[in-house]
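When you get a sec, could you build the whole thing from the sequences and use the hints?
Protein chains in written order, with the working numbering: chain A, 5 to 301; chain B, 658 to 1071; chain C, 28 to 382.
Treat the hints as calculated values from the structure; they're not laboratory data. Take these hints with a grain of salt, some might be off.
[Claimed, not checked] Using C-beta positions, here's what the derived DEER-type ranges look like: (1) Gly722(B) - Gly203(C): 34 to 44 Å; (2) Asp947(B) - Met66(A): 41 to 51 Å; (3) Glu1026(B) - Leu215(C): 50 to 60 Å; (4) Ala85(A) - Pro1029(B): 53 to 63 Å; (5) Glu325(C) - Arg170(A): 53 to 63 Å; (6) Ile137(A) - Asp884(B): 25 to 35 Å; (7) Ala12(A) - Gly246(C): 35 to 45 Å; (8) Tyr374(C) - Gln183(A): 34 to 44 Å.
Cβ atoms here follow ideal geometry from the backbone N, Cα and C, with glycine treated the same way.
Next come the chains, spelled out residue by residue.
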Amino acid sequence: MWDELQFASALIVSGLSIGLMYSLIALGFVLVYKATDAINFAQGEFVMLAGFVAALMLAPKMPVLVAIGAAVAVMVAFSFALERIVLRPLIGRPIIAVIMATIGLGAMLRGLPPITVGGETRAVSLNIGDMPIGFGSISLPPVQILGVIVTLAFFGLFTWFFLRSRMGIAMRAVADNQQVAMAMGINVERYFALAWAMAGTVSALGGVIWGSMLGVDVHLALVGLKVFPVVILGGLDSVAGAVIGGLIVGVVESLAAGYIDPYVGGGTKDFAPYVLMIITLMFKPYGIFGTHRVERV
Amino acid sequence: MSKLKLWLGAAAAVALLALPGGNPSAQEKELVFGLHCDRTGATQTVGVFLCPGYHDYISLVNSKGGVEGYKIRVVEIDNEYKVPPAMEAHERFKMEGAVLTGLYGTPQTAALTKKLEEDKVLGTSPGFGTAAAADGRRFPYLFPIAASYWSQAAGSVAFVKKELGGNLNGKKIAYLYYDNPAGKEPLVIFEDLAKSEGFELRTFAVPAPGIEMGAQVLDITGRFKPDFVITHLFGRSPSVSIKELKGKGYPLSKVISFVWGASEADVKAAGGFELANGYNTIQFAGVGTDFPVIKDINEMFAAQGKAAPSQQEISVFYNRGVVIAALHVEAARNAVKAKGGARPTPEEVKRGMESIKGFTLGGLVPPMELTPEDHEGGGWVQVWTVKDGKLTKNGDWFQAYREVIRKHLAAETK
Amino acid sequence: MLQRESGVYKTSYAADMALFPLPIARWTMAAIVLLFAVVLPLSLHEYYLSIINLALIAVVGALGLNMLVGYTGQISVGHAAFMSVGAYTAANLAVKFDLPFWITLPAGGLMAALIGAIVGIPSLRIKGLYLAIATLAAQLIIEWVINHTPAISGGAQASIQVPRPTLWGHELKTQGQLYFFLLFFAALAILAALNLARSRIGRAFVAIRDQDIAAEIIGIDIYRYKLLSFAISSFYAGVCGVLYTYYLGIANYEQFQIGVSIDYLAMIIIGGLGSVLGSVLGAAFVTMLPIVIRLVMEPLAGLFFSAGELSSVVASTRLVVFGALIISFLVVEPEGLNRLWRNIRNYFRVWPFSY
Chain A
5 MWDELQFASA LIVSGLSIGL MYSLIALGFV LVYKATDAIN FAQGEFVMLA GFVAALMLAP
65 KMPVLVAIGA AVAVMVAFSF ALERIVLRPL IGRPIIAVIM ATIGLGAMLR GLPPITVGGE
125 TRAVSLNIGD MPIGFGSISL PPVQILGVIV TLAFFGLFTW FFLRSRMGIA MRAVADNQQV
185 AMAMGINVER YFALAWAMAG TVSALGGVIW GSMLGVDVHL ALVGLKVFPV VILGGLDSVA
245 GAVIGGLIVG VVESLAAGYI DPYVGGGTKD FAPYVLMIIT LMFKPYGIFG THRVERV
Chain B
658 MSKLKLWLGA AAAVALLALP GGNPSAQEKE LVFGLHCDRT GATQTVGVFL CPGYHDYISL
718 VNSKGGVEGY KIRVVEIDNE YKVPPAMEAH ERFKMEGAVL TGLYGTPQTA ALTKKLEEDK
778 VLGTSPGFGT AAAADGRRFP YLFPIAASYW SQAAGSVAFV KKELGGNLNG KKIAYLYYDN
838 PAGKEPLVIF EDLAKSEGFE LRTFAVPAPG IEMGAQVLDI TGRFKPDFVI THLFGRSPSV
898 SIKELKGKGY PLSKVISFVW GASEADVKAA GGFELANGYN TIQFAGVGTD FPVIKDINEM
958 FAAQGKAAPS QQEISVFYNR GVVIAALHVE AARNAVKAKG GARPTPEEVK RGMESIKGFT
1018 LGGLVPPMEL TPEDHEGGGW VQVWTVKDGK LTKNGDWFQA YREVIRKHLA AETK
Chain C
28 MLQRESGVYK TSYAADMALF PLPIARWTMA AIVLLFAVVL PLSLHEYYLS IINLALIAVV
88 GALGLNMLVG YTGQISVGHA AFMSVGAYTA ANLAVKFDLP FWITLPAGGL MAALIGAIVG
148 IPSLRIKGLY LAIATLAAQL IIEWVINHTP AISGGAQASI QVPRPTLWGH ELKTQGQLYF
208 FLLFFAALAI LAALNLARSR IGRAFVAIRD QDIAAEIIGI DIYRYKLLSF AISSFYAGVC
268 GVLYTYYLGI ANYEQFQIGV SIDYLAMIII GGLGSVLGSV LGAAFVTMLP IVIRLVMEPL
328 AGLFFSAGEL SSVVASTRLV VFGALIISFL VVEPEGLNRL WRNIRNYFRV WPFSY
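This is how it looks when you write it as structure tokens:
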């Protein structure tokens, strides 16, 4: 009995922490969608790119903070460029055009490493040790604890930003109605760029942390797949939704693997969150925290 | 309309460039090998090391005058781990007059099985495709030429038995696998052996993409508490399994991995050789650069003023490429010899492949014997263990539980 | 298609909707039929036919996806899963009951249509990207069910070997023979799509795409038509899966994973949403572009690299070029190949006296 209880709580703790790691990736997606209505299917590749930058900086024994700084700088610059060159011409086009453009971008990014820096797997060592911290079977590797802290910090920062800061309120105005925002004297283009820069920063840290967990190669882009159930469950345009969605997905995955898998022959972990997501959507079609769009004829 | 003119111009330029510049003339003294590879798709982290190994060995053979006077030309096509490009590649190889092809990828192998048979060109699928392909009567043109997942399962259980003191009765073994057909294939062998050897087996599936398995590892270390863990994972998931098992305090010396979780890359991504000390891996080709043929390749490059290929860093995959190339070359050599130096047909090369025996390349290749019935070559494996900062050989080539595997092969044929 | 008219003389809706707006269009059509049915198979090497074969199969799948995404406006990223439903249905029928392709092919399509309609149910409440991700869930669940149900998948390997299609006792197995087999079904699919698009159903789809609330107000039963759209689209996908099965001689779900759905989305977006011609051009373009890029690059790069390096350079550059082409295409011509084709036609309509 005690064993079972300990096992269940270990599962939940592991699920919560991995869920917050998913949220870290999802935050970048949500920020861009919230401000610019653009859907980024290359979020995983963003994370991969940041991971590569960090790994390349760490290879000649640069300090960890310099590597993180470089990753942030590159990602912000890259996001700016992407917004200007690719996404701005697509404003007003059907969302599927943006989806396809980001899918094409993803293909490009996945093709680049083998010809530029080589296809091998690189390690991102953050010098925070590998041995888990905790007691008994309820323990977490240091990198996951770092991931949890970073995600919660971003969550706090963005919540404050959108609720209290002048820029954040302006960005909400832009997201709500671009034309009215423009009429009120808000420089919409600048806020688009700012949103992408914020997303770039989040992706950079996501790349460093996930890269340190998995090692950096093209497989790192697979974390992008985990974004979808998280953002849909929480609501596409909600920062809180990304965090809560991540927690739910993480716990559901963990419990499915621990308690459903033994009875059905395994592998339910991957789609259990999706099933939950569909059921939720039947009741709340815009996710738990998503904005309900009122349509007019 | 300038935009339109631009498009038209671009289209015309592409059309001009794309016009086939005449078929590559099939020279008198040349044999063409077709090689499928994945350098940009789901399994590129294997392909970018394996395929260069293949090319380097062929260059070595060519630099020494080729096979019985025939130079070898390799046509490689990157199939991105997708099926339609694999079909296109097969037709291209046929057009170029390839005498044999090297397959890459399990879905691609499945999709081409029938076509190979109809076109009477052999395809090798080491580490890919179904274990049943070992039966040369049922799949005449498919050659696994390496231990199938069944043989790897048998080999891993034999290794576990040795490690646990020669008796598995009452022991507990966990099987942690990727939840796809390849991952599930060895289950029948494990279940059989669990009955005959008397150990308790429990299976833990990791669904794609397998970048996270905290719950499964908790289940293994917290609830099942096995005496040994056998893993069969792909992509980035082997390194995750190493990290998670180590993190939960499970000794890695009680873990053995199948061939696709067995490379230096997996160990490095998991945090390095220090961390992964004791991790056991199953191999169907030798590991490391300490083989005469690898030295020959490096000497060839040195003579050209080039450094040794950087891909040798991941010697597990690089050497597999060398082994595949070497077996291809031997098949062609046997065929040319059997024909007294004349140019062999693909069918004759197939018979050449079926007469490979006692070809070990200084220990790099297992002592396999290919026959018209057995296209696997006996299911030889070797265990290499992470020790002293590298993969070190842990015992010689061995086969295990052949009668069990033969029984299942016979059942499949029915 | 190729003809030029001197002005607009249409006086009735029927004339406006006609498949052949001018008598000469029939001649154009006859020429195209002649080209595909006689000239190409007689003049091309088997290798080039095999590429066309892959494009023909893709045409069927792309038409179906365009019906759902382009005409009805419901985004789906689970198209490949319906292909595997069709493939396994046909393979099981062909192997267990020994049925010929002209029964298994529609059966595979119908089974996919049924599953597709079920997957479409959330579309009654969910829209846009939310719906897209719900179809992604369908993809994962269908894959899991096939992978874990030996009765469907035929065992641990999840692949079923299927005999080649036979016609009057002849086994179709060379690329040339399979070309006619696939050409027939691709042509049928194009014809059906053209006619469906200009029927009451097609117009209802377009009304729902433009705005579903408005469509409901003018009396369109949007639930019925949304489900119908999912069913028709999945029927095409199922048939596409069956064609793959017969073409390759095997049904295997690993051939129909999420990446394939993305490829088909690329086809219809590059080709042009809501256009039959666009689906055909897009399918051909996406199937052949990587091959053309490679054929162009091999001789060029061969001048600078050795054989071993060449493969590596060509492979990654091709992926980058492919991604860059998709992006530049969307930025420069977001409405796809279909629009490009119309622009070319309009340009030549008054050529050489452009104003």
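Structure-based check of all given hints:
Between Gly722(B) and Gly203(C) the beta carbons are some 40 Å apart, a value that agrees with the proposed interval 34 to 44 Å. Checked against the hint of 41 to 51 Å, the pair Asp947(B) and Met66(A) fails, with Cβ atoms roughly 34 Å apart. The given range of 50 to 60 Å is respected by Glu1026(B) and Leu215(C), whose C-beta atoms sit roughly 52 Å from each other. Roughly 60 Å separates the CB atoms of Ala85(A) and Pro1029(B), a value that falls within the hinted 53 to 63 Å.
The hinted window of 53 to 63 Å between Glu325(C) and Arg170(A) holds, with their beta carbons roughly 57 Å apart. Checking the proposed 25 to 35 Å range against Ile137(A) and Asp884(B) shows it holds: the Cβ atoms sit about 28 Å from each other. At roughly 55 Å, the beta carbons of Ala12(A) and Gly246(C) sit outside the given window of 35 to 45 Å. A hinted range of 34 to 44 Å holds for the C-beta pair Tyr374(C) and Gln183(A), which are about 35 Å apart.
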